[in-house]
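Colleague: Chains A and B, in that order, give the protein sequences.
Those letters in the first sequence? Residues 0 to 353, per numbering that gives the first Met the number 0, in order.
Those letters in the second sequence? Residues 0 to 226, per numbering that gives the first Met the number 0, in order.
I should point out that these hints are in silico values taken from the structure, not numbers from a laboratory.
Careful, some of the hints might be misleading.
Between beta-carbon pairs, the in silico distance windows are [claimed, not checked]:
| # | chain 1 | residue 1 | chain 2 | residue 2 | range |
| --- | --- | --- | --- | --- | --- |
| 1 | B | L189 | A | G90 | 30 to 40 Å |
| 2 | A | F339 | B | T46 | 20 to 30 Å |
| 3 | B | L189 | A | H185 | 51 to 61 Å |
| 4 | A | L215 | B | A41 | 25 to 35 Å |
| 5 | B | F137 | A | I16 | 23 to 33 Å |
| 6 | B | L189 | A | Y49 | 19 to 29 Å |
| 7 | B | Y163 | A | N57 | 34 to 44 Å |
| 8 | A | H185 | B | L67 | 39 to 49 Å |
With a straight-line cut-off of 20 Å between C-alpha atoms, the simulated SDA-like cross-links for lysine to any residue are [as the list claims (entries may be wrong)]:
| # | chain 1 | residue 1 | chain 2 | residue 2 |
| --- | --- | --- | --- | --- |
| 9 | A | K79 | A | R324 |
| 10 | A | K79 | A | V52 |
| 11 | B | K196 | A | S248 |
| 12 | B | K202 | A | D320 |
Quick look at which bits of chain B chain A covers, simulated, 3 or more residues with Cβ under 8 Å [said to hold, decoys possible]:
| # | region |
| --- | --- |
| 13 | 29–37 |
| 14 | 205–217 |
Source: prediction; values computed, not measured.
By construction, the Cβ of each residue, glycine as well, lies at the ideal position given by its N, Cα and C atoms.
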Amino acid sequence: MNSLQELFGPVWWPYVITFSKTLGLIIAIVVPLLLGVAYLTLAERKVIGYMQVRLGPNRVTFFGIPWLGGWAQPIADALKLLVKEIIIPSGANRFLFVLAPVLSIMPAMAAWAVVPFQPELVLANVDAGLLYIMAITSMGVYGVIIAGWASNSKYAFIGAMRSAAQIVSYEIAMGFALVGVLMASHSLNLVEIVNAQQGGAGFLNWFFIPLFPLFLVYLISGVAETNRSPFDVAEGESEIVAGFHVEYSGMAFAVFFLAEYANIILVSTMCATMFLGGWLPPFNFAPFTWLPGVFWLVFKVVFIIFCFLWFRATFPRYRYDQIMRLGWKVFIPVTLVWIFVIGGLQQTRFWFWG
Amino acid sequence: MTKEKENELYSLCLCVSAVKNLNMQFQTFVFYFLSAILLFAALSVITVRNPVHSALFLVLSFFTSAGLWLLLEAEFLAITLVLVYVGAVMVLFLFVVMMLDINLDRLREGFWRGLYIGAPIAVVLVIEMALVLGGKYFGLADMPSPAAHAAGYSNTRELGSLIYTQYVYPFEIAGVILLVAIVAAIALTLRRRKDNKYQNPAKQVAVRRQDRVRLVSMPAEKRNSGR
Chain A
0 MNSLQELFGP VWWPYVITFS KTLGLIIAIV VPLLLGVAYL TLAERKVIGY MQVRLGPNRV
60 TFFGIPWLGG WAQPIADALK LLVKEIIIPS GANRFLFVLA PVLSIMPAMA AWAVVPFQPE
120 LVLANVDAGL LYIMAITSMG VYGVIIAGWA SNSKYAFIGA MRSAAQIVSY EIAMGFALVG
180 VLMASHSLNL VEIVNAQQGG AGFLNWFFIP LFPLFLVYLI SGVAETNRSP FDVAEGESEI
240 VAGFHVEYSG MAFAVFFLAE YANIILVSTM CATMFLGGWL PPFNFAPFTW LPGVFWLVFK
300 VVFIIFCFLW FRATFPRYRY DQIMRLGWKV FIPVTLVWIF VIGGLQQTRF WFWG
Chain B
0 MTKEKENELY SLCLCVSAVK NLNMQFQTFV FYFLSAILLF AALSVITVRN PVHSALFLVL
60 SFFTSAGLWL LLEAEFLAIT LVLVYVGAVM VLFLFVVMML DINLDRLREG FWRGLYIGAP
120 IAVVLVIEMA LVLGGKYFGL ADMPSPAAHA AGYSNTRELG SLIYTQYVYP FEIAGVILLV
180 AIVAAIALTL RRRKDNKYQN PAKQVAVRRQ DRVRLVSMPA EKRNSGR
């Protein structure tokens, strides 16, 4: 350590420390995230399998150990996709075709920079964290649009159009839901938003109680934003084969897949952070406070992700006009009304939160 | 104070100033890096032939200028630029550009005809830029440069309190004007076709089972024995 310090000298040494600390934190966030994405695909197939009274993947194991049946499935899938050829369709725009998957996974990863895992465990404790999350996630739509256009395919293009219109519409409802959170917590900083949900009453202090309609709107908009079933008209297999990524193969396709699942985890984490108290335990007495906060966050995130899978196994797909109606005519008025309700409630003495 | 201690203090001061210097150098580097990308992207917007590419270059230039604003400690404006322009406006713009089948040659034709409007605007822009960049010839020294902000300074909170106290009327009026513009745009473009087969989703959602399914009870019949 000392010799290293001497090598860089007193001027460069602080930079080296900051750089390596940040790099370490980034790796500590991204590697578990990618592992989580890989096993989320397995979890999805298993959960939906059980809901449909079948077993799901149960063959591929590590080193032939029988009771690990299915656990190596994501690794095998990843390997298969890695070694497959990436076919670029004739007439496609080569550069944009390759750029699109990158553009779709970049925001899904970059948004994690401001997510707090514990009071002190956050990569960048920026003041406008909530705005940053919204801005970065709104860029994910470019991957979809560019993929649809650059593929030079009608199905891909129609899928991209549907998806872009849907994402832009639901972003408004999502933004208004976040305005409610902002009003309740008096802050845009995610750490402070979680701290505002701390109190003697445990889970009764979390924002999902005063902001219940906004919580539902945010959750459902999150499903729509990630193009998940029942809002997955962008992929609609029965109408437009697979939507915007119909022309993609191999790793380029896998990157879209990764981005979708990383977005699911991100939306669930934001939901847990803003409405379900983030790292806070549900009760403030002994057995619950022993666990470190990050575990509570993971529990909540896993629960919300399970809901996502549950929705997919339960609901039939929306028709496109129904999606638009739900977004514009139901969610936006609900959020607007509830913002006024919160504003009024905060002026009375019946406001116990934040 | 002993000589040794003085020396130590001196070297510490040197070190601090060197770190400060390095910080400034890094900021300058980031500034030039972003500016180079911004200039390249902005030039590409008007020079590339493909309209989709030029819209994408516009996105890139918005994003880079958001980076420049971050460098100026205006994080709220920077993030809002990305949120509103990159996240919403340019998406719709791309939408339109992709759907229209634009004839490039026809687009090129108008270049010289538009020049007599474009050229004066360009001249005005150059004059404005000269005023800004050559500030020291126009008495910039009389204006004190803004003080650096403390560590806990929140750009967003500051903007919010200003907008809702000092500038509340201009802000509200701007909001009302935008609302009127939205209503007007919809009123101008809305056309109801008599012959379309519109389904009312509210009615569809409200449908109950008894509206659609009729349970009929029929008496059991004897099996046909003639078969």
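Colleague: Next, verify each hint and record whether it holds.
Modeller: Evaluated hints:
Taking 30 to 40 Å as the suggested C-beta distance range, the pair B/L189 and A/G90 conforms, at roughly 37 Å. For A/F339 and B/T46, the hinted distance range of 20 to 30 Å is not satisfied, since their beta carbons lie about 49 Å from each other. Between B/L189 and A/H185 the Cβ separation comes to about 40 Å, which falls outside the hinted range of 51 to 61 Å. Between A/L215 and B/A41 the CB atoms are about 43 Å apart, so this pair departs from the stated range of 25 to 35 Å.
Checked against the given bound of 23 to 33 Å, the beta carbons of B/F137 and A/I16, roughly 45 Å apart, lie outside it. Hint check: B/L189 to A/Y49, Cβ distance near 49 Å, so the stated range 19 to 29 Å is violated. With their beta carbons about 59 Å apart, B/Y163 and A/N57 fall outside the hinted range of 34 to 44 Å. Remark: the range hint 39 to 49 Å for A/H185 to B/L67 is contradicted by a beta-carbon distance near 30 Å.
A C-alpha spacing of about 40 Å is found between A/K79 and A/R324, which places the hinted pair above 20 Å, so the restraint is violated. Restraint check for A/K79 and A/V52: the C-alpha separation of about 27 Å exceeds 20 Å, so the hint is violated. A C-alpha spacing of about 39 Å is found between B/K196 and A/S248, which places the hinted pair above 20 Å, so the restraint is violated. A hinted pair counts as satisfied when its Cα atoms are at most 20 Å apart, and B/K202 with A/D320 qualifies at roughly 13 Å.
Given a C-beta distance limit of less than 8 Å, the hint that chain A covers the region 29–37 of chain B is violated, as 0 residues qualify and 3 are needed. Counting residues of the region 205–217 of chain B whose beta carbon lies closer than 8 Å to any beta carbon of chain A gives 0, which falls short of the minimum of three for the stated coverage.
Hints 2, 3, 4, 5, 6, 7, 8, 9, 10, 11, 13 and 14, counting from the list given before, are not met by this structure.
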